[in-house]
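K.L.:
In order, the protein sequence lines correspond to chains V and C.
Here full-length UniProt numbering is used: position 171 in the first sequence is 171, and no number is missing along the way.
Here full-length UniProt numbering is used: position 351 in the second sequence is 351, and no number is missing along the way.
Hints listed in this document are in silico derivations from the structure and should not be mistaken for laboratory results.
Don't take each hint at face value.
As the list claims (entries may be wrong) - Straight-line Cα separation of at most 20 Å, DMTMM-like style, residue types lysine to aspartate or glutamate; simulated pairs:
no., chain 1, residue 1, chain 2, residue 2
1, V, Lys-58, C, Glu-119
2, V, Lys-151, V, Asp-64
3, C, Lys-93, C, Asp-142
4, C, Lys-443, V, Asp-178
5, V, Lys-58, C, Glu-242
6, C, Lys-37, V, Glu-95
7, V, Lys-58, C, Asp-128
8, V, Lys-58, C, Glu-34
9, V, Lys-151, C, Asp-428
10, C, Lys-37, V, Glu-51
11, C, Lys-435, V, Asp-155
12, C, Lys-37, V, Asp-64
Unchecked claim - Computed footprint of chain V on chain C; a stretch qualifies when at least three of its residues, placed anywhere within it, have a C-beta under 8 Å from a C-beta of chain V:
no., region
13, 10-19
14, 40-49
15, 102-108
16, 241-252
17, 644-652
As the list claims (entries may be wrong) - In silico negatives: residues of chain C with every beta carbon more than 12 Å from chain V:
no., residue
18, Val-76
19, Gly-155
20, His-280
21, Ser-345
22, Phe-353
23, Phe-374
24, Pro-562
25, Gly-667
In this text the structure is predicted, and so the values were computed from the model without any measurement.
Even glycine gets a Cβ: it sits at the ideal position worked out from N, Cα and C.
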Amino acid sequence: MAYSAEISRVNPTCFVFLVDQSASMNDPIGGDSPQRKADVVADAINRLLTELSVKCAKEEGVRDYFHVAVIGYGSSVGSAYAGSLAGRDLVPLSEVADNPARVEERVKKVPDGAGGLVETTTRFPVWMDPVANAGTPMCRALQYAESIVAKWLVDHPGCFPPIVLNLTDGESTDGDPDAPAAGIRAHASADGAALLFNLHVSAGGGEPVTFPDADGGLPDAYSRTLFNMSSVLPTDMRSYAATQGFSVSDATRGFVYNADIASIVQFLDIGTRATDLR
Amino acid sequence: MATARFPSGAAYVEALQNTALCFDDPELKGARVELDKLQRPRAISGNFASVFSVTAANGRRYAIKCFTREVADQEVRYRAVSDHLAKLDHRWKVGFTYLPHGIMVEGRRYPILKMDWVEATSLTRWLDEHVHDSAAVARLADRFAELVGELEWAGIAHGDLQHGNLLVVGDGSLRLVDYDGMFVPALAGAGAAEIGHRNYQSPSRTQSDFDATIDRFSSWVIYLSLVAVAAEPALWGQLREEGGEYLLLTEDDFTDPDGSSRFSILLNHVAPEVRALVGHVQALVGIPPNLLPELKPIPVDSLSTRSAFHQPTISGLPAWMVDHVPEADPVPDKHFTQRGPVVWSATLLLVAFVVGAVLMGALAVVTPVAAAGFGAVGVVLWLADLAVLYLRGPEARAAKQARTQRDEARQARVAADVELGVATRRSDELVNAAKEIAETGRKRRQTIQATHGSELAVLNQEHSKHLAMLAGERTGISNQLRQELAQALLAAQAEHVRSKLAKIEIAASGLDGFGDKLIGSLQDAGIVTAADFDGVGYMVNGQFQNRIAQFHLTSGYSVRVPGIGEVKANRLEEWRREQERIARLTQPIRLGDGQLRVIEARFRTQMLQLGTTEQQAQAAAQQRKTLLNQRLTRDLAALDVSQRTATAQAAQEQSRHLPVLRKAQAGAERARHQYELAEQEARAQRTITYPRFVLFSLTGR
Numbered sequence: 001m002a003y004s005a006e007i008s009r010v011n012p013t014c015f016v017f018l019v020d021q022s023a024s025m026n027d028p029i030g031g032d033s034p035q036r037k038a039d040v041v042a043d044a045i046n047r048l049l050t051e052l053s054v055k056c057a058k059e060e061g062v063r064d065y066f067h068v069a070v071i072g073y074g075s076s077v078g079s080a081y082a083g084s085l086a087g088r089d090l091v092p093l094s095e096v097a098d099n100p101a102r103v104e105e106r107v108k109k110v111p112d113g114a115g116g117l118v119e120t121t122t123r124f125p126v127w128m129d130p131v132a133n134a135g136t137p138m139c140r141a142l143q144y145a146e147s148i149v150a151k152w153l154v155d156h157p158g159c160f161p162p163i164v165l166n167l168t169d170g171e172s173t174d175g176d177p178d179a180p181a182a183g184i185r186a187h188a189s190a191d192g193a194a195l196l197f198n199l200h201v202s203a204g205g206g207e208p209v210t211f212p213d214a215d216g217g218l219p220d221a222y223s224r225t226l227f228n229m230s231s232v233l234p235t236d237m238r239s240y241a242a243t244q245g246f247s248v249s250d251a252t253r254g255f256v257y258n259a260d261i262a263s264i265v266q267f268l269d270i271g272t273r274a275t276d277l278r
Numbered sequence: 001m002a003t004a005r006f007p008s009g010a011a012y013v014e015a016l017q018n019t020a021l022c023f024d025d026p027e028l029k030g031a032r033v034e035l036d037k038l039q040r041p042r043a044i045s046g047n048f049a050s051v052f053s054v055t056a057a058n059g060r061r062y063a064i065k066c067f068t069r070e071v072a073d074q075e076v077r078y079r080a081v082s083d084h085l086a087k088l089d090h091r092w093k094v095g096f097t098y099l100p101h102g103i104m105v106e107g108r109r110y111p112i113l114k115m116d117w118v119e120a121t122s123l124t125r126w127l128d129e130h131v132h133d134s135a136a137v138a139r140l141a142d143r144f145a146e147l148v149g150e151l152e153w154a155g156i157a158h159g160d161l162q163h164g165n166l167l168v169v170g171d172g173s174l175r176l177v178d179y180d181g182m183f184v185p186a187l188a189g190a191g192a193a194e195i196g197h198r199n200y201q202s203p204s205r206t207q208s209d210f211d212a213t214i215d216r217f218s219s220w221v222i223y224l225s226l227v228a229v230a231a232e233p234a235l236w237g238q239l240r241e242e243g244g245e246y247l248l249l250t251e252d253d254f255t256d257p258d259g260s261s262r263f264s265i266l267l268n269h270v271a272p273e274v275r276a277l278v279g280h281v282q283a284l285v286g287i288p289p290n291l292l293p294e295l296k297p298i299p300v301d302s303l304s305t306r307s308a309f310h311q312p313t314i315s316g317l318p319a320w321m322v323d324h325v326p327e328a329d330p331v332p333d334k335h336f337t338q339r340g341p342v343v344w345s346a347t348l349l350l351v352a353f354v355v356g357a358v359l360m361g362a363l364a365v366v367t368p369v370a371a372a373g374f375g376a377v378g379v380v381l382w383l384a385d386l387a388v389l390y391l392r393g394p395e396a397r398a399a400k401q402a403r404t405q406r407d408e409a410r411q412a413r414v415a416a417d418v419e420l421g422v423a424t425r426r427s428d429e430l431v432n433a434a435k436e437i438a439e440t441g442r443k444r445r446q447t448i449q450a451t452h453g454s455e456l457a458v459l460n461q462e463h464s465k466h467l468a469m470l471a472g473e474r475t476g477i478s479n480q481l482r483q484e485l486a487q488a489l490l491a492a493q494a495e496h497v498r499s500k501l502a503k504i505e506i507a508a509s510g511l512d513g514f515g516d517k518l519i520g521s522l523q524d525a526g527i528v529t530a531a532d533f534d535g536v537g538y539m540v541n542g543q544f545q546n547r548i549a550q551f552h553l554t555s556g557y558s559v560r561v562p563g564i565g566e567v568k569a570n571r572l573e574e575w576r577r578e579q580e581r582i583a584r585l586t587q588p589i590r591l592g593d594g595q596l597r598v599i600e601a602r603f604r605t606q607m608l609q610l611g612t613t614e615q616q617a618q619a620a621a622q623q624r625k626t627l628l629n630q631r632l633t634r635d636l637a638a639l640d641v642s643q644r645t646a647t648a649q650a651a652q653e654q655s656r657h658l659p660v661l662r663k664a665q666a667g668a669e670r671a672r673h674q675y676e677l678a679e680q681e682a683r684a685q686r687t688i689t690y691p692r693f694v695l696f697s698l699t700g701r
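Using the sequences and the accompanying hints, generate a full structural model.
P.N.:
Below, the structure written as structure tokens:
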């Protein structure tokens, strides 16, 4: 059965995050939140890297079940890591976990359990800073991801298929992204084709759409393009989504439109969940 | 089905940064959490939960298990397990309390498991550290068998026996942790909450297998691994990859036991007892989980003292050392030892002959030449005797054997190198084949897209041409319409003038000089009203040198009217023009509505037809475009599928070949070591020669 390979230190897989850093990411996300899209996406990536690190933490430390790349695209296409990992593409997860650019003290208000709110400080590791300028070279970014995936598969032909997660607010400015997206999905390990998921962060309004199985309800051409670029969720991920209360079908795709912060984390959580972490 | 969403591991890490807020339990409230390098709570995560180390104010340390996934009937299960374990006093137990609302995350309460902290090492880590202490590993195998026996005796099962859940404490005893999947009799019929680690379970185990027998397969696997490693520590390095989540065997070995290289290596184990055990475990794969036999340990203590556990290799090193001595220490040169009675007797022989010869010479029993000859014969006999002794002696035999073994090792090394070469070439071929597939796919994609692009361009061009032609027609039609309208207007105006002029009779004009006779002549010529002629022309009469007027009748004829000369004709013509000018003042300047409608209607039909033609052309082009796009999508999808299949196939071949390559690499490395050791052994024998033996027989050195 496809998408059932063991993810282990002996047989690790890779994650490639593509982060839109175009000028339009300066705009607020819309709805009630005054946050900029670039901040939302940077937070999402930082949370995701934390999530992966915790998920792979064992008694002796974080294990290299994954190798992770964070690629930004805007004025250029390349590594978006800040700090000591700057400039690197795929980095073993243990190294990622130990080397954030900094750890911020964030104050937030949380429910006290008795109906009130109480202020508490948490330490929040930051690997990537928000950036927003220039165009949206999505095609180049997808091609960059494809080259990472292709190289990875030469050395790890039996791995759980690599996952590419594209976080963007929309329109590619360097051509139709459909072909380079298909280029990624055409690569495969013995366990199945590489997976491409998309997260569309839009100020365009409309109902958030999470894991749709058709593009009918999507509000604009960009979201439909991104939907059609996205891989169908493999069975195990789909059933995990179902147990978390999402309605899914055989055609459900790894796509989220106009996701607010909560659904970003939901999406990443499921997208990053491998069938079985052993 | 409940679909409560449990917090993620990171959410728990965040919540645990404030234990005064997140915990309710008085002992845990405000307790100190162990931190990681980033000074955040340090998690140890599994598939269903993350565990944190928490030290209470009273100094007690706990492992707090926070769940990241829903487990059906979790509370019921933990209560049942807790109640049952309370009745047992086994050493492997670790105490726990289930707190259904133990932790608050983002305002909601979730259950936790508060477990006693165990200072211990996980099984694989312990083995990494103790693999060369065969006695300790053998003792652990014994203790493991005991633990399994206790579970069997109590009629319970852990459900997920594996290296991560078996901890070794300082005194070498075992602790069993993680009771999420435990079976106790009270849970019979509940179904399994999990089906255990893939590298320890029977391939046929399912969630409906849930009784006291669910640990049996994993027990055999773990026990076999421990016993095999105790007997042959090299296996720990040979059968495992660094960081592998298994002991000696993996899921692959269970799904394909006959094709498994690990089983085949284990079946060649040095100890016959272990070989038998391996055969037994291999056969368990085909047995339904609930019919698996109980673990029956072999007497490890007796085994561990036997020579099979310390089988020397040709270099005298135990098997595992071969892997662990990169460059062996130089072997000291060999020497002859212990001149036995036989050597002594040979020496005596020599002495007897020499003494005899000297005596014979001295006493002149024989000639000096004969005496010398006698002595020489003695020396020759002595040397011959020594030669026989040398060749039969243990040292020369050992030397010969060492050289033979060196030659064999050299051959083995060459063979292993050849094998490695073949495997490496195959590996390169596979990598190139995969690249080739990707490249071919890229080219085909480009071709498809280029073809599509050029066909689309041709289609667009044809379509534009067609549209341009239709637009030309449309212009033509509207020009024609304009023209026709203009002509119709001219005709209407002409008719208006004609009818006006027809009502003005010349007789009533009172023109000077036009009497009744002349009027009559005009009438005879058909000219009664101003409408009856439209102009006058003149002909020159050559004979009389005068000009004769000719009236152009509106019927088309020209007539002469007798009695009308140039002057009168001019006057009449002027009068007619004046009448026409007056009539023109009232002529229509636009067409009548009815006429306009008739003409326009005729052209509207033409325009509509043209519009339809245009629409049809648009639709046809659109349809062709759609077909082209559909074909592109179809071709690309087909390409995707074939590429995926080809890539997956290539990847499968690569992954199938990977173990072959690794094995060949390990084999070549091993053969190289073996050869080096054998070579050193052989080199150490260079001192074992016949001349040295002769010397040795005399001097003892």
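K.L.:
Decide, hint by hint, whether the structure agrees.
P.N.:
To see whether the hints hold, each was checked on the structure:
no. : hint                   : result
1   : V:Lys-58 to C:Glu-119  : holds, 15 Å
2   : V:Lys-151 to V:Asp-64  : holds, 18 Å
3   : C:Lys-93 to C:Asp-142  : holds, 18 Å
4   : C:Lys-443 to V:Asp-178 : holds, 16 Å
5   : V:Lys-58 to C:Glu-242  : holds, 16 Å
6   : C:Lys-37 to V:Glu-95   : holds, 12 Å
7   : V:Lys-58 to C:Asp-128  : holds, 16 Å
8   : V:Lys-58 to C:Glu-34   : holds, 14 Å
9   : V:Lys-151 to C:Asp-428 : holds, 14 Å
10  : C:Lys-37 to V:Glu-51   : holds, 16 Å
11  : C:Lys-435 to V:Asp-155 : holds, 12 Å
12  : C:Lys-37 to V:Asp-64   : holds, 17 Å
13  : 10-19                  : holds (count 6)
14  : 40-49                  : holds (count 7)
15  : 102-108                : holds (count 3)
16  : 241-252                : holds (count 6)
17  : 644-652                : holds (count 6)
18  : Val-76                 : holds, 19 Å
19  : Gly-155                : holds, 29 Å
20  : His-280                : holds, 26 Å
21  : Ser-345                : holds, 65 Å
22  : Phe-353                : holds, 74 Å
23  : Phe-374                : holds, 79 Å
24  : Pro-562                : holds, 92 Å
25  : Gly-667                : holds, 19 Å
Consistency with the previously given hints is maintained throughout, with no hint failing.
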